[in-house]
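Peer 1: Chain residues, written in single-letter form:
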Amino acid sequence: MTEKKSTVLIYGTNLGGYRAAYALCKKGYKTIQLNRGSYVDEYQNQALTQLPFDFGWICGHMPQRLFKGLGCLTDHYNAELLEVSGKAGNFRVKFKKKDQVVNNFACIECGRCVEVCPVTVGDRKAMWVNPKVGWENIYLVDWENCTRCGKCEEVCPTGALKLDRPEETLEADVGAIILAPEFEGPDASDLSLFAYGRSPSVILNSETARRSLLTNFTEDSVRLPSGKLPESFAVVVTPHFNKPGVEYENYNLSVTAVDRAIRIRTTLPSSKVTVFLKDYRGFGKNHYRWYQRALELGVNVVRTDKLSVHPESGEKATVKYGSDGGAVGVELVILVTGQKSPSQMKRLSEVCGVKPDSRGFCHIRRHSSVETDVDGILAVGEFSGPKGNPETIWEGCASLTEAIKYLGKPEFTPPAPPPLTSRKGEEIKVGVFICSCFDTFRDKMDLELLRTRTQELYNVDHAEIVRGCCTPPTMKETAERIKASGVNRVVLAACTPLQKLLKYRNTMMMAGLNPLLAEFVRLREDVIYTHHERDKMLEKGLSVIRAGVARVRLGFEAPTPKDKFLSETLVIGGGLAGLSCATELAANGFKVTLVERRETLGGNLAYLEGDQREYVDSLIEKAQASSLITVFTKSTVENMTGYAGNFDVGIETPRGRVAVGAGVIMIATGAGEYETTGFLRGADPRVVTQAELPSRMEKSQGLKHVVMIQCVGSRNQEHRYCSRVCCNQALAHAVELRKKGSEVTVLYRDMTAYGEDNLYEKAVELGVQFVRFPDDDYPRVKAGDGRLQVTVNDAGREKTLNADLVALSTGIVPDMRTNEAISRVLGYPIDADGFFDSDANGYPYEEAIKRLTKPFELASNCIFPVGLAHSPRSFDETLLTCRDMVGRALVLLGKGAFMPPNSMYVAEVKEDFCVGCGLCVDVCPYSARVIDPIKRVAVVRPFLCDSCGSCVAICPNDASSLRDFTGKQSIAVLDATLA
Amino acid sequence: MPKTLTVNRGASDAVRALLRSLIEGGKVEGVFTLARVNNKGVGYALIRDPEKIEQAEPFYPWMPSSGGKQLSRLVSLSRRPRPLAVVLRPCELRAFVELVKLEQCRRDKLVLISSTCGGVYPVETLSDGNPDDRVPRYWNGLKAGEGQPDARDSCRACKHFIPYNADLTVALVGCGDLDEKCTFFVNSEAGQACLEGQGGVWGQSAVETEATEKLAAARDAERERQREELHLGSLGIEGLVGIFGKCVGCRSCREVCPICYCTLCDFDSAKYENEPAWFARELNSRKGVRVPPATLLFQMGRMVHMSVSCVGCGMCSDVCPVNIPVATLFSSVGEANQKLFDYVPGKDESQKPPFVKAELNELENLTV
Amino acid sequence: MAESFDPKILYVMCGWCGTGGAETASAYGMYYPENVRIFRVNCTGALSTVHMLRPLLEGADGLVISGCHPGDCHYDDGNFMARRKVALVKTILDSLGLDSDRLWFRYVAHGEARRFVDTAAEFTDHIKSKGPNPLATRSDT
Amino acid sequence: MKGGQVDARGGIQAGITSFLKEALSKGCFDAVMIPTRVPAGDSFAWILTDNEDLVAGASPLPPVMPVQGARALSSITKKGKAPAKIAAVMRPCEVRAAVELGKLKQVDLANVTLLSMDCPGVLELSTYLSDPTKGDSEFSRLLDKWDAESLRPVCRSCTHFSATASDIHLGLLGAQAERLYVMPLTPEGSRVTDALNISADQELDSWQAKVDEVRQKREEQRRKSEVELKERVEGTEKLLATLSTCIGCRNCMRVCPICYCRQCFFDSDALEGEVAAHLSRAERKGSLRFPLDTLLFHLGRMSHMSLSCVECGTCEDACPMSIPVGQIFSHVARRTQELFKYDPGKNRYEPLPLVTYEQDELHDFEQPYVKTYSGKGAADA
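Chains as they are written, first to last, in our numbering: chain C, 1 to 979; chain W, 1 to 368; chain L, 1 to 141; chain H, 1 to 381.
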């Protein structure tokens, strides 16, 4: 057997790919990422294109920078995968790449290359900055117009710019491959039905977002070319009306449409906004509430089957809809567009053998979340189908769970820092080092004067100008100058630590200083690039430096905390989700305690169909066979002490109380079915639930007409969420019944059908009847003479249907008693709907952004809700959440002990002053604090602490501080800033 | 006998003029003195704007807080390149010197100006009507070398009204021509340097006069009277309980005490917070327990901690919301301790405060 | 008077979106008035009421706070916590007849460079029209 | 409100103490925390006792409030629940403060029965101390008449003078001569009344009517005194003038039941500052006042405690400079509490406003940004 490789290749830059890279690097696997573009987001991902919020974000690129800086992640630009050979565990990949002309890691964004470029193209030069990406400037060459005169290369002070970058072909041995190509939206020609390109009054939602790039949504975002502000708007979800096969929708779209409408209404309160869609298909967490909010804000939602947009003269358009000649004239139509099947599919199937599904997206194996048809090759994000942002992100992490099966031992450890000598007891000497950024700052500001004035400041012992501080030679030089100056506190006035923190810290360490004794202030961002009056700039510059001096004088070296992390795990619930987690964890060699309330494992087997039952049975078998899994049935979790990484859990078993330790806890308590006595349920045997329907269908003779009622126990006042699975389930049954010859009528409010099977269309094709009833007016069921009579409000008219069988699509409801009990024991929140929360706020875009941006494996305090405990899910989606959460857990488990992610800045408590009032415990978003029951003071759990500082702000006692944010420091910095 | 400079100006004006010239001449970076606040109150101020020197009231007969304590907060231990001029009363100056010895602040780069002191009125009288109404009476008393009958108890009993360690001393007590003339006594080179270039008549004389001696004698008598009134000699536990029974535990005596420099008073620290079981034990062993407990422990304990450095400034009595004569008691105990070690707080900068550990055990017997 | 008055503004921002807005502004070379000085905290949730009061008593003519948009806080809910504290401080100031309109709270996202510089400029003009903060230079506070 | 009655033949104070004695003897609780006259006779202090004689000699409703009861209760239960079942006999504002301290883990109510009574208010501490005999007789008059002139200003306009969050409330208002009303307000309270065989099912209409009448008067008084107070302190000039005599003794903070910190933030080294900072502040302001940061202390303390402020007025009593701190704080607290619809001391389980939030609230405090700015200083980007 050949040795398994420990490197992973990620092809593409969708969010799932980024997330996978983060998880793999964190686990210690070296990762190669191939970017087809010449900069980070050249090929935009789904979130950037469809997110209802109009800004890019920092945080997405932070992990990239971190791991690149540490040497764990290699990324290649202008890259293309050429060949894949070998097999899972030991692929040989061949790819080509061409480095960026301007290496944006080395670029200091001085703009000199643009200044000297002699070629003007429109309002820019041939050397230019793409305004699409915020935060940092990406310098690009317009090759069509570039004369290759080389002037730019000459003036580049850091050598970051090289016009001649050879294309290289490289090979690598990797254990697994993750395919993460990016999102592709429809072209203008795909949107002709909506008059796109033919009227100034029709624009894409993403264009609105782009217009709002630097402001977010304002009046200007929707201003017409004439400068007029429109008063009437139509927001159209195009895939609902477009020709089949052109674009596919994911549930981002309904939510995006509604969110856009909300934004318009709140920004322009007198506007009239109508959202056109077929069904409101927001079935994710909180999405139904979002829809209700739109209604509350006066957004008009029109559901229709048919729609087209017609340009009118001037800045007007008419939206024609429905079959009854409905028409609305509006001033602006905003098109919320879907997604096309990936153009990369064909090439990738040639290169590596993956296969497309019926719609042209990458095919994923049944009951698998990310596995393609080829072992060891995984696909994540929009490449494997239209989906919501959360799913994309989950797949990223799930791909760690899947990839690890093919990989050797993780072999990357970050380089150890150089030795530092303690400066305790020395008299404080502050040195200010002003970076001239390769003399580029001197063009804008008199640095010499700044230095002189700095030298005159109180408490400054030394001030000097350094040439640069972010390229290897200048870092070394700066470190030597610091050493030579004899100071023991350093203020480095340069540019943003968001970009260069690692470099700055390294520089300090090379100078033998603990980075906690240094402060990095933003001379570039706060002064040089944003101001122009020279004398005032000097004052501002001094205020920035003074604040740095004030802070650094009060800085202190502190030992880095380390904490143990148990490798045992606890899984609560022995249904599909619990079993899946337990077996995946055990497969990675971790001990699992599995606690099940009932007598047997397997959960709600009654609902399973087809091979699902087999799958669960195989999991039960695996769990029972595994020596690593201890199963307690008829048992409950009674108490928990400790914290992430160190849980002590008491389990009540039939044989008495058992205590187990756990590093992480999975909550897989599942959910139940909504039970009702309405609709004659229970009173008449002909009223059944969808779960009972299959057994009734077997003897379907005599079922002339089956009526299905959707949303029973979902999307109403009591349960303000979509149960997600009922529509697909009802449609599947309807199709089957139809095939057997029964008439089927589905009474619904919105059909939230989704997925590859396209059941909705099939049902329509087969003649299933659909009747929409209003939100607050459920159909009524009466026992008539011989048959059941179902009365429904069909667009204002009472309609009575005779039925032989009524099938209720009952929703998924959390078991409140269990969930509340577990929530109490674990101190883990449940959301407004009674499911376990995984993020505190209900915003349509939250999951995508937050999950990408946080130190996510710790964001939930190492308690991971999976499956139905988290929210309504289908069978395969449940498995996805399990693999996602297991992926997060794998990042942490098995390390034994480690430094907290923010060890440098974690919160601390001055015990003498703390009175144990617990305010800090209440406000800590990470449960990183508890009150010590004996000492009655707050104690910090370092690796839950993300150093946000809310504990510092709430403490009325100054007993709480972060290592770089003590009460004294903040007051001193405030005073110094204003001095 | 020290050198003197006499100028033809009233004492307050003369000091203001001196301070102003020191700032304007760049000799000092700022001035620390009592000054008017908002035309109503009076407080210490660090003045840097020469125009604001007009607000300085160096000898205003109230002491809203111990200037020694406030000065120690200002100068602390950090470096300062240029000097400050400071005007303090003798007791404040003594307190400051004690704080220097206790490593709370630095003496260097300060020009300390003080005066012979006629005492001050109780601080609460600052809010009774218009305090300025009392001022002429006060100055008349000073000129006559007599104390004010409504001055604070502590002031009426204070014998250290001639400053130690001042670079310059302004004579006030018994100076009949205070409104027209002011005499600075030069006690150090720094003091001398300050007066360089000032107009006036140079001479030489002693601060101590017949008037100061007379006042000292009157105050000795008053001190004895006060102590007798409180029966300090025969207090015993019952007496102490009688005095401190109404203590509300506000700790303001400690808060304003210039010698109590601790960030967190030991008696407020966690170790003195009682477990519930302690209350159970107390309930078992006696009929009832006062809550919050340990009033006497705090008072006696604080006495142990600070009395050897107590300068008798009287701030503690001044702020007590239930009018306990804290200062009379503390200064009396302090004096006894100080006598034992032959120690006068704030007098000799080089003499470290005596080691008080030996007394700890004795005094602990008092705390019940 | 208003014309010659150059107010001292303190711009308090979180280390994520607020700072991101400022840095995007820098990347785009956008200008804002030099008298706007910057105080950064990790999260607006880390701002205590003292951090708002102190500048208003110690030299700032106005104080503007920017953090992430609702739902976007890097730490979940710091911006909501901050909103409560801002409301508290403004209410305290209001009830004592002190000028609470010298304290602004506006969300700025990382990409919202224009919104950032607009806020700095708008707030500066707003404070200019109000005149100096009487508290900031009083010696009797 | 429903309740029962007990005998108060020896007067109100004796009625309360005999009720307590009986409850103690029947084992309803093991000890009582109650105010008692100090040995010198010139003030009152809290005692914890299980001795019936001491209870009989106690003063459950003393004419002054030298130590806020919640502070006393905190000293017993700060480190854990009371060692035995304790009845804490407190005024309504003390009960409310105790509930707030419960939320702040400075009081453990687990083993405590809170007993309150209608409170006519108290006299100014300093006035009382200057002549306790006169004070005593004035207070007995007050207990009869419930008029206001001699009360502390905050008491005069206190509207929380009756039943609040206690377990048992004793009604003095509207009761027949020599009787007291007893109202169990919680199951714990009912446990006591049951044990004492007090049937608590009587509708206390006359009490309610009296309470409403007093409350109305006090609301009227509050409106009046608020106008006066604003006249005195509103605005920079007046506020600074009011605080100009503050000597920084911290009495107000130290006696405040809500200021539970071992050391106040404003006394911590956070505000110590370095000489360079002091000098630069002094330069900007021309001069810098010492003690430092008076206004910051008061505003800051407001921001720390005003949401839990029960307007007990202890701060004002303790101020040696007679600054109307209590009135100022109460005025501010009413507004900040209104902001969050928070009524301190009312509900033991309601979280403190600053540790929680709602997503959809306080939008008035957000500065809207609807259009790009085109004013004078607009960006030239």
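It should be emphasised that the hints constitute simulated quantities derived from the structure, not laboratory data.
Don't take each hint at face value.
In the DSS-like style, the derived pairs of lysine-lysine whose C-alpha atoms are separated by at most 27 Å in a straight line are [unchecked claim]: (1) L:K130 <-> H:K230; (2) C:K243 <-> C:K346; (3) C:K316 <-> H:K85; (4) L:K130 <-> H:K371; (5) W:K287 <-> H:K85; (6) W:K40 <-> H:K85.
Peer 1: Which numbered hints turn out to be false for this structure?
Peer 2: 3 and 6
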